[in-house]
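Taken in sequence, the protein lines are chains A and B.
Start counting the first sequence at 1; every next residue gets the next number (my numbering).
Start counting the second sequence at 1; every next residue gets the next number (my numbering).
No lab work stands behind these hints: they were computed from the structure.
Mixed in with the good hints, there may be bad ones.
Claimed, not checked - Simulated restraints on C-beta separations:
#1 A:16 <-> B:107: 16 to 24 Å
#2 A:292 <-> B:150: 44 to 52 Å
#3 B:140 <-> A:292: 21 to 29 Å
#4 B:31 <-> A:36: 30 to 38 Å
#5 A:243 <-> B:1: 46 to 54 Å
#6 A:137 <-> B:150: 37 to 45 Å
#7 A:244 <-> B:1: 46 to 54 Å
#8 A:34 <-> B:16: 55 to 63 Å
#9 A:155 <-> B:1: 50 to 58 Å
To be verified - Every beta carbon over 12 Å from chain B, so not counted as near; a handful from chain A, in silico:
#10 9
#11 33
#12 96
#13 145
Said to hold, decoys possible - The calculated DSSO-like cross-link candidates involving lysine-lysine, where the alpha carbons are at most 27 Å apart (straight line), are:
#14 A:346 <-> A:250
#15 B:78 <-> B:142
#16 B:106 <-> A:289
#17 A:55 <-> A:163
#18 B:78 <-> A:317
#19 B:106 <-> B:198
#20 A:251 <-> A:346
#21 A:172 <-> A:132
#22 B:78 <-> A:55
Note that beta-carbon positions come from the ideal geometry of N, C-alpha and C, so glycine has one too.
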Amino acid sequence: MKRNPWTSSPNRLSLLMLVLLYGGLLGWMMEKREPMVFLFFLVSIFLLVLDWRMKLQRGVFGILLGMLSLLSLWIPHITFSLIIYVLYSFSQGTYLLGLLPSVFFIYDQQREGIILWGIVAGMAVLLSFWRKDQELQWRKEYQLRKRLYEQEEMETLLLHEQKHLENMSRLKERQRIAEVLHDELGHELTAAHLSLKAARTVAKEEEGLLVNTLDKSLHRLEAGLTKLKEAVRQIEPTKESFLDTVETLKKECTYPVTFTHEGDLRRLEPYQEQLVFGMIKEGFTNIEKHANPSEVEIHVAILETVLRVRLYNDGVKEEKSMTGGNGLRYLRKRLEAVGGTVSSQKEKGAFTLLMVLPLRGGNEDD
Amino acid sequence: MKIFMFALKENIKAPVNLLMIVLIPLTVLLIPGSQYGFPQGIYLVGMAILYTGFLLSRPMVEDRMKGMIIRIHASPLKQVHYLLAHLSAYFLLMMGQSFIFILGAKLLHGEATFHHGWIYLLYLSFGLMTLSLTLTFTSFFKNFGLAFGIFAGVGSLMSLLGGISMPLHMMPEEILPWIRLLPTYWLPYGLNALYEGKFFDYFLAHGILWTYTGIFIALGSRRRY
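Work out the full structure: start from the sequences and follow the hints.
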């Protein structure tokens, strides 16, 4: 949303007042016809333009103002141009700076001059109050915009997170169904198949009808078992090679990455793999943002009861504030939902991200 | 240093450009002397400097017009560095031009001109002011041809009213206080002061020209794409 350019603002009003004051000063200067007065008229313009462009430090501006004010003691004609600095300093809210030219201006003035100073200084102070009030409003507006932006960002992240969770739940559910089919139904059917086979062995050949029926049942049961195995294979989440995926992730990173692992990677369930990849991706994003590393190391350890992933990088940039980002926060929540943890450590320009996730059952699952 | 050399080469690679900024303006020195001050040619050099400053700054204006300035600002180069390198290169050429003018004046007018060194310094201050004035002026345009067309008119008017192409003593008394607002006024003012031996006024002219330079650089160095 654009601001209306025609609304009045303290900046515009103080500029208008400066122009009017300069106009008056110019008329007065033309009567004097002193080149020195003209020089200081130009110097005042230069100083204000310089402050506008370079945002001079108040101390530097004060020193320049002090020098000009002192010069007015030797060159009385330039005293009049001091009123410009009074207006400028007071309207900017730098009252102490405004007092300096005020003193030198009033020092040598008649009643009219003092009245002029009073009007200019009074209006400038009012302008400075208005400016401060406007700045406060703008700050509030900025805060509101920031909050809105953060909420939109949060919404996007939550949607992303929801999709991720849905995906994870689906994978887990498919895994569970596949296990049930394989472990329970499959076992039961296999047992029935074996029983029927046994019955077929002991059945006498003369009992033609029985043998025939048993053969048919065996045949259908075998066909059913084959179909069940196929169904289990299809339902079970497709397991891309863990190492292939890590290789793809490594290619996405612009820095040299070393990957090492220990333990049997086949023990990882698909959703656990997804979590590991998510953590690596998050780590890479953080590295791109906050570091300029010479090396990045990923170590995956499948221990007896836990999975431990360590992502290490050096070359962390010196930043004033490094608070945990949303990505890491969501990763933590995601891990906590399945009993895992993630922690980070920054030390001597190096950063380590450590993820620990419990594994089901230990060796007995093999 | 690379930008400085580039800006220098951009201007001297075209012989027509050199002819325009050095040889043709030299003819103004042929204008004969005056009883009120230096020969009129010495004043008219100001007009040559004014247009030279404009012609020299062409590469910088074209950078702005072709969108090159956006790429420059996207690079690690600081704007101050870019500006300084360009302005220094143009100023170096103007120093050479002014030197040729002074040499020509000494050869052509002989005893009619004196304080050649001081005149040279005043030319340099005026040249610097011209460059900064050009910087501000062209920042309002996106086409060099249009900017030059308007500047041709404005420049000749400024030279006429400022006492460069017409001696100050011929100006109507009523407009004299007002033409002091023109930066071009301070070159003939300084030259007159030098002729009369008023060195305080001469240095005052320098001071005013430098202040104008500061104002114009501060205004003209704003990024406009």
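Evaluation of the provided hints:
The beta-carbon spacing between residue 16 of chain A and residue 107 of chain B, approximately 54 Å, falls outside the hinted interval of 16 to 24 Å. Evaluation of the 44 to 52 Å hint for residue 292 of chain A and residue 150 of chain B yields a pass: the beta carbon distance comes to about 50 Å. For residue 140 of chain B paired with residue 292 of chain A, a C-beta distance near 42 Å fails the hint of 21 to 29 Å. As the Cβ distance of residue 31 of chain B to residue 36 of chain A is approximately 32 Å, the hint placing it in 30 to 38 Å holds.
Between residue 243 of chain A and residue 1 of chain B the Cβ separation comes to about 52 Å, which falls inside the hinted range of 46 to 54 Å. Restraint check, residue 137 of chain A to residue 150 of chain B: a C-beta distance of roughly 41 Å satisfies the suggested window 37 to 45 Å. For residue 244 of chain A and residue 1 of chain B, the Cβ-Cβ distance of about 52 Å falls inside the hinted range of 46 to 54 Å, so the restraint holds. For the pair residue 34 of chain A and residue 16 of chain B, the supplied restraint of 55 to 63 Å is violated, since their beta-carbon distance comes to about 45 Å.
Look at residue 155 of chain A against residue 1 of chain B: about 52 Å separates their beta carbons, and that is inside 50 to 58 Å. Listed as a non-interface residue, residue 9 of chain A keeps its Cβ farther than 12 Å from every Cβ of chain B; the least gap is roughly 20 Å. Remark: the non-interface label on residue 33 of chain A conflicts with the geometry, its nearest Cβ contact in chain B lying 6 Å away (cut-off 12 Å). Against chain B, the non-interface label of residue 96 of chain A holds: every CB pair exceeds 12 Å, the least being about 25 Å.
Chain B leaves residue 145 of chain A outside its interface by the beta-carbon criterion, the shortest separation being 25 Å against a cut-off of 12 Å. For the given pair, residue 346 of chain A sits about 22 Å from residue 250 of chain A by alpha-carbon distance, which is consistent with the 27 Å threshold. Distance hint between residue 78 of chain B and residue 142 of chain B is fulfilled; the C-alpha atoms sit about 22 Å from each other, no more than 27 Å. Of the supplied pair hints, the one linking residue 106 of chain B and residue 289 of chain A is violated, its CA atoms being roughly 66 Å apart against a limit of 27 Å.
For the given pair, residue 55 of chain A sits about 49 Å from residue 163 of chain A by alpha-carbon distance, which is inconsistent with the 27 Å threshold. Restraint check for residue 78 of chain B and residue 317 of chain A: satisfied, since their Cα atoms lie roughly 23 Å apart, inside the 27 Å limit. Under the criterion of a C-alpha separation no larger than 27 Å, the hint pairing residue 106 of chain B with residue 198 of chain B is consistent with the structure, at around 21 Å. Between residue 251 of chain A and residue 346 of chain A, the direct Cα distance comes to roughly 25 Å. Compliance with the 27 Å bound is thereby established for this hinted pair.
For the suggested pair residue 172 of chain A and residue 132 of chain A, the alpha carbons sit about 58 Å apart, so the restraint of at most 27 Å is broken. Taken as a hint, the residue 78 of chain B and residue 55 of chain A pair is honoured in the structure, with Cα atoms around 17 Å apart against an allowance of 27 Å.
Checked against the numbered hints above, the structure breaks hints 1, 3, 8, 11, 16, 17 and 21 and satisfies the rest.
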